[in-house]
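Engineer: Residue numbers (the numbering used here), protein chains in the order written: chain A, 1 to 494; chain S, 1 to 444.
Honestly, the hints are just simulated from the structure, not real lab data.
Be aware that one or more of the hints could be misleading.
[Unchecked claim] Under the rule of at most 20 Å between Cα atoms (straight-line distance), these lysine to aspartate or glutamate pairs were calculated in the EDC-like manner: (1) S:K38 with A:E89; (2) A:K72 with S:D90; (3) A:K71 with S:D78; (4) S:K58 with A:E67; (5) S:K38 with A:E49; (6) S:K198 with S:D26; (7) A:K468 with S:E369; (8) A:K289 with A:E299; (9) S:K264 with A:E208; (10) S:K322 with S:D97; (11) A:K71 with A:D146; (12) S:K226 with S:E392; (13) A:K71 with S:E79; (14) A:K338 with A:D485; (15) A:K429 with A:D254; (16) S:K264 with A:E67; (17) S:K362 with S:E395; (18) S:K58 with A:E62; (19) A:K429 with A:D485; (20) S:K226 with A:D485; (21) A:K149 with A:E67; (22) S:K264 with A:E210; (23) A:K72 with S:D78; (24) S:K301 with S:D107; (25) A:K72 with S:D334; (26) S:K226 with A:E445; (27) A:K71 with S:D334; (28) A:K149 with S:E79; (29) S:K226 with S:E395; (30) S:K198 with S:D107; (31) A:K289 with A:E445; (32) S:K322 with S:E100; (33) A:K289 with S:D136; (34) A:K448 with S:E186; (35) A:K71 with S:D90; (36) A:K289 with S:E40.
As the structure is a prediction and not an experimental result, all values here were calculated from the model.
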Amino acid sequence: MNSLLTPLMEPRSVTGEIARPERFFEDRFGLTSSRLERLLGSALVGRVEDADLFLEYRINEELVLEEGAVKKASRHVSQGAGVRAQSGERTGYAHTDEVTLSSLEEAARQARAIADRASTAAIVPVKTDRRPHDLYSIPLSPVAADLSKKTELLHRVDAAARAADSRVCQVIASILSEEQVILIATASGWSVGDVRPLTRLNITVIAETEGRREIGTYGGGGRVPFDFFLEEERWKRFTAMATNQALLKLRAIDAPAGTLTVVLGPGWPGILLHEAVGHGLEGDFNRKKVSAFSGRIGERVASPLVTVVDDGTLPNRRGSLNVDDEGTPTGRNVLIEKGVLRGYMQDRLNARLMGMAPTGNGRRESFAYPPMPRMTNTFMLAGQDDPEEIIRSVPYGLYAVAFGGGQVDITNGKFVFSASEAYLIEDGKLTAPVKGATLVGNGPEVLKRVSRVGHDLRLDEGVGTCGKDGQSIPVGVGLPTIRVDGITVGGTQV
Amino acid sequence: MRDLLSGLLQRARERGASQADAYLADEQHSSVQVRLRKVETVTHAREQRLALRVFVGKASASVSTSDLSHQSVDGLVDEAVALARLTAPDPVAGLPDPGEFASTIPDLDLEDSDGHRLTPEEKIAIAQRAEAAALDADPRVTNSEGAEFFERHAHYAYATSEGFFAAYPTSGFSLTVSPVASSNGEMQRDSWYTTARKRQRLDPPEEVGRIAARRALRRLGARTVKTAEVPVIFDPETAASLLRSLAGAASGPGLYRGTSFLLKRLGTRIASPAVTVVDDGTIPGAVGSRPFDGEGLVIRKTVVVNGGTLDSYLLDTYSGRKLGLPSTHHASRDGSGVSVSTTNLYLAAGETPPADLIGSVKSGLYVTELIGFGVNMVTGDYSRGAVGLWIENGELSYPVEEVTVAGNLLTMFQAVDGIGNDLVMRDRTSAPTVRISRMVVAGE
Chain A
1 MNSLLTPLME PRSVTGEIAR PERFFEDRFG LTSSRLERLL GSALVGRVED
51 ADLFLEYRIN EELVLEEGAV KKASRHVSQG AGVRAQSGER TGYAHTDEVT
101 LSSLEEAARQ ARAIADRAST AAIVPVKTDR RPHDLYSIPL SPVAADLSKK
151 TELLHRVDAA ARAADSRVCQ VIASILSEEQ VILIATASGW SVGDVRPLTR
201 LNITVIAETE GRREIGTYGG GGRVPFDFFL EEERWKRFTA MATNQALLKL
251 RAIDAPAGTL TVVLGPGWPG ILLHEAVGHG LEGDFNRKKV SAFSGRIGER
301 VASPLVTVVD DGTLPNRRGS LNVDDEGTPT GRNVLIEKGV LRGYMQDRLN
351 ARLMGMAPTG NGRRESFAYP PMPRMTNTFM LAGQDDPEEI IRSVPYGLYA
401 VAFGGGQVDI TNGKFVFSAS EAYLIEDGKL TAPVKGATLV GNGPEVLKRV
451 SRVGHDLRLD EGVGTCGKDG QSIPVGVGLP TIRVDGITVG GTQV
Chain S
1 MRDLLSGLLQ RARERGASQA DAYLADEQHS SVQVRLRKVE TVTHAREQRL
51 ALRVFVGKAS ASVSTSDLSH QSVDGLVDEA VALARLTAPD PVAGLPDPGE
101 FASTIPDLDL EDSDGHRLTP EEKIAIAQRA EAAALDADPR VTNSEGAEFF
151 ERHAHYAYAT SEGFFAAYPT SGFSLTVSPV ASSNGEMQRD SWYTTARKRQ
201 RLDPPEEVGR IAARRALRRL GARTVKTAEV PVIFDPETAA SLLRSLAGAA
251 SGPGLYRGTS FLLKRLGTRI ASPAVTVVDD GTIPGAVGSR PFDGEGLVIR
301 KTVVVNGGTL DSYLLDTYSG RKLGLPSTHH ASRDGSGVSV STTNLYLAAG
351 ETPPADLIGS VKSGLYVTEL IGFGVNMVTG DYSRGAVGLW IENGELSYPV
401 EEVTVAGNLL TMFQAVDGIG NDLVMRDRTS APTVRISRMV VAGE
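If we strip away everything but chain S, and leave its shape as in the complex, we get (with noise of 0.2 Å):
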């Protein structure tokens, strides 16, 4: 790997780069499917992208390719310096500052140790008892869309003209079951899925097929509501979401192209004080985490949202170059090119138990998904599908679909009147329970 690497970044310099860097992904993965209990689908791949970013003066351009001949690794660089003469200079282009290197490369255990890779029949036999959890859990589990099992490793080498190297393995598993339930010929379906760096950190698959069932099944009956303006409860994966959209407009590109609600907010209060975002690379074995990011800067922690005060933007070197700011360690590198890209980015849990939430609201929704794109990264405006649990006395009374939640992402987090204590790292991204003092149902 360092030798692909630093011969190319030298015939980069050769054919007249200032400055470049390479990034090589290697990676092999596989998969099983099986749907009512029988295997559907089992594939195995192995793939490589070698991706090249130089810089010819102030002018920059990126080139991949999963064809890694020597011949097409050596058009690969003649391609991205043609590119490169191509396209404007810009002052602020070019590799980190070189004390801003990462020294040292911490070991955040991201691969699993375990030995023993599993053979295809062993998945399919965890995949066959998550599904058969959900097929058995109730006589209203009628068909499945099946489970997967996922496994995936890679390596990760980072390498530029300034004499940065670093590597990194990684692995990670994924379960997935996808029950359907019915009655009285209406069909629900919904899903649960467990994800972590090493298997044995996964859910127990029988846990993951009751889960899923258990929420297919209570969209059982769903209908709409009347139209109002009410409490929002957003459930954990809900709430995650909302997360996202938050730090998409916290990323760099958006902010200094200007398309980002977030803009000139630095530093002021764009939450209510009981919201804490924090983005954490640094946690061992975690699925977010990374040792370096894609310029090759020291990961570490972030706290973006502090007390409802925006205390930092997610940027790479050149938004960061771009807003008179620092990189606060957000690359990412993919075949593309660098872009900006949380860790594991969670919203701090509060101390109220999700169920003291939900029993505070007389009259609400309660959010378990939400669908489609209707959120205006510029202006915040958000609207979107989403299905849930009508709350009624402080209850959850009936399962609700066909309906939107409406509001602005701004005033959203304003109006965030109470966290939950639920707060469990299931993912890249994660948050607790969190209610939403008023916003628009739209149904009926």
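Just chain A, same shape as in the assembly (with noise of 0.2 Å):
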């Protein structure tokens, strides 16, 4: 290892003490940089294209409100190494939760018996120009913050979903915490550390009328130290998002089934992007050629109006990261552009045998797993339309402001997002509320029809989570308000 860069904060760990990466994993397991060096120097480099060595820690703590008391606190703590090699297109990666130095030596020795068969091969360096970001240097981590001051705020947020309607039975509330530091250490010779703070709110609402029950769901957070929830009571808006939209829910009617005009509403609606588009242009699918947008970079695959962005450089959010998981820095990727399709998101496997270079989104959910593509922040950009001009555009049609999960086929480009919170567009106007139904479409089609957006561009609030493979990853997504001319709605109104 030639030179160890560090993080530009000197970030306050969960101890309270100052800490750095490199430090913190040399004082807690005796690894310091030349074992590292060492390890992966003699175990690896010569025999693999690439290698590379990853350690965490990681705290994570829930409490969780029900029935009007807190009665479930956990903390969890979890530690590992993985060490990867990689041969042209074969992967070799063990992991192990012991981090000693012997048993990083035997993970070494298994993955580079797995990736290493013929070649000789050198390093092939993976090169970047960027620097790491310092986009979360937080006062105070979430998981460090007092545990009496997060129950106080949970019975606060009780106490006001109760207060707001009579028909509110039951509150759920639960404050998400977590602390990540991580190492990694590359066999081109440099190494990188980045301790990662991350904290969630989530407010559950079941309201009930007339033996109709109802799920209002919202929340939010970041990369942001706790206080974050108490500015401007943001907590206040939360619990009021999740109250009414349970209360609304009350007096919802069928969803219409078929092909509308749908408006999506600002901010979390982006997981239209994440799925019709995010998925689809990542590396790894379109290496093996598996991904409906494979080989199209340069087509036409939007309306001129959109321009998306994948973007993890955004202070504080919840897809942000100062380098990936593998230690290149994130940036911002223009996916689309007035349209066309621009590119990939890489990781440096992917970036490599594209002849591609990584773009920072390689990223695994833990030390368990190896890196692949994977989505930060990703949004549209916004446009020029009036946003209550937009719903006045539409005869007919469907306004959907909440949403649920979402998924897609990559290979035939087949997405479908659920909308929890939707409202009928009658001449013009916002008229019932509609109860939940499942949107459908097809990548590779569904943006050609946006045929207006929103000078209104909004990221979400902080909930998301994707999954690929089985590994889970905070992201984060963003809309204007716009308008897409032909979306099948999956409701039960014929």
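Could you fit the two chains together into a complex? Lean on the hints.
Structural biologist: Put into structure tokens, the structure is as follows:
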């Protein structure tokens, strides 16, 4: 290892002390940089084309209020290391939760045995000229914040939701806090660390009237301190949103079935982009040519009004990273520019095999998994239109503002996402709230039908978790108000 | 294992816990992935997790760690007790009553006793055979997302501060193939898999590959359909997903929180008389079996729905006490605490051959895949993306995609008017083919 890059900030660790990842792993496990260098050097260099070591220490904490009381509190510590060796398209990955030099050497031996078959290839450095960012140095990690302040907030959420309406019969609120300390060392001779805070407040409200029950959910967070929820009384807004959604759904009518004009509200409805185009533009699917977008760079895949970016560099956002999980600094990557497909999201392996540059999208759930190309914060840039006017332009359709999850079939491009709060549009006016319905479409086609783009780009509040191949990671999405001329709405009213 | 857990529980007592239980998982797993006949990724891992739940009076907390060093384990106890002092007392919190613990631990034959552990080369060869069978099945199978062979060996141990201790070993194997078929610029993927506690019980690799290829090929030429209310037939895989939703709604936590559409429906008709749903954790060698539940209670067979009537919820000790019912011994344990889960859940087979169910439909949808999250567990409202084949005059006629199927789970289970005789216990949740008399299929 020739040099140690350190993060620009001096983050406060969970112990309240100033700690850098390099020092953290050295102090805690005796893994000095020279030991790591020897491990990667002797075990791997000269035998494989790329190799790296990922060290992780993570604390997760969860407090849950239900039935008016904080009855659940849990705290989990995970630590471990993953060693990866690559040769051509072949990857060997070994991981262990025993962070000792001998178990790392064993993991490295196994990773090499896996990857090392014929080649005597030299390490191929995958170059980047980007510098690590400093996107979330915060005064106090959310896992270190006072537990009594957290339980007090949960009680305030509960009281506010119940006070809002007598039909509120149950409130479930939780605060999840996390701190992940990582160190990545690569065989091409450099290492980089990161300390990543993450927190989220989730609120679920159940309302009941005349035997009908409904659920409203809302929440938010990011790579922010606990006090984020108290700023601008953010928690009050989250609580009101969840409560109102539950009450509104109590009087929702059945959703229509069939192909309709759909207006998507700003923010979280950006899940459309995540499903319809995001996954299909991840490098691994395109190297394998199994994506509906394979080989289509330069082609028109969306209306000229549509520009979509994936940006891991937004300060304090849930999907942001100073460096990805391979040590590559994140970036702002244009995926679709004025309707034309521009680029893929890459990790080091797929960038190398496709002869492209890594884009800072190599991510993994934990040390237990090898990295792969993943999204960070994916959103559409704002347009010119007035959001109110967009709704007024629709004679009959659906206005959807809140969504549950979505899913996509990468290969044929078909995606779904499920509305949890939506209204009918009749003669340009919002009328009845409608029950949840799944929307289904075709990724390479749906954005061609975007006919209006609002000037109100908003990012989601910070709740998204993306799953791929069994790995879950935090992500963000964003959208201005848009009008789509034709999406199939899976209601029950024929 | 025993010493580690009893030491931990002893320390929890010393630190002020009135009761505690602890759970240890020690796992080794490995996988190989091949793609287009070449090795792509090989992984190997060892993971351990030690979890502790403490009760301080009626307040509780859960902690866990993957660091089993002395220092860490001692810290774990202190942290758990400190967290518990922060939570509100809950009158029904606590371990099961002393008489409820399993007195004998059955040997359910959950571990592969074959002394030969496959080498990476042997696993690679199995995955290659499976993928090759898919690639060679038809010239239109032009690409692949690969084949994966996965192997897991684990030991689980559970102990309580009241002196219960039990442990058991398990193993698991699976093989999955995901081919891509293409024709006239259209690409379709699908996959097929086999999973078992013992390697010898896996389906032959070639069979898995051929079925995967057939599933991808039959999707070529898929189109959407006109929106209509029609009979819908769920194949065994998608019918199993309906059961998973039903089991979720029958699970204790959602019931006492009031977030389930099966609230207050115990003992009532919730499905057609043809529907009987069973959860049986006692089946020797089955993938969902376990000798005792996550709280040390003896495992058993539970009839959840009996001829259409909801006979039993799925409860752990806490949710049972909340509802004024005994635990049904469905507690499950992982690093993050106690939850409720099924074991081997299945819909009892009917008598009709699946071809006759399809033959009975003049115009309708045969569903082979569901995507998305469109199930509202509070109301049962159901709307999911679907893939399948259109049935015309009793025949599977052409592939369908970009449609949704929608209804409400309660009405859907009431409207089951045909159950196939083709139940195969392929996985933790299994079902035969199911016909639902009417649902809305949304398309054009």
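Engineer: Flag every earlier hint the structure violates by its number, smallest first.
Structural biologist: none
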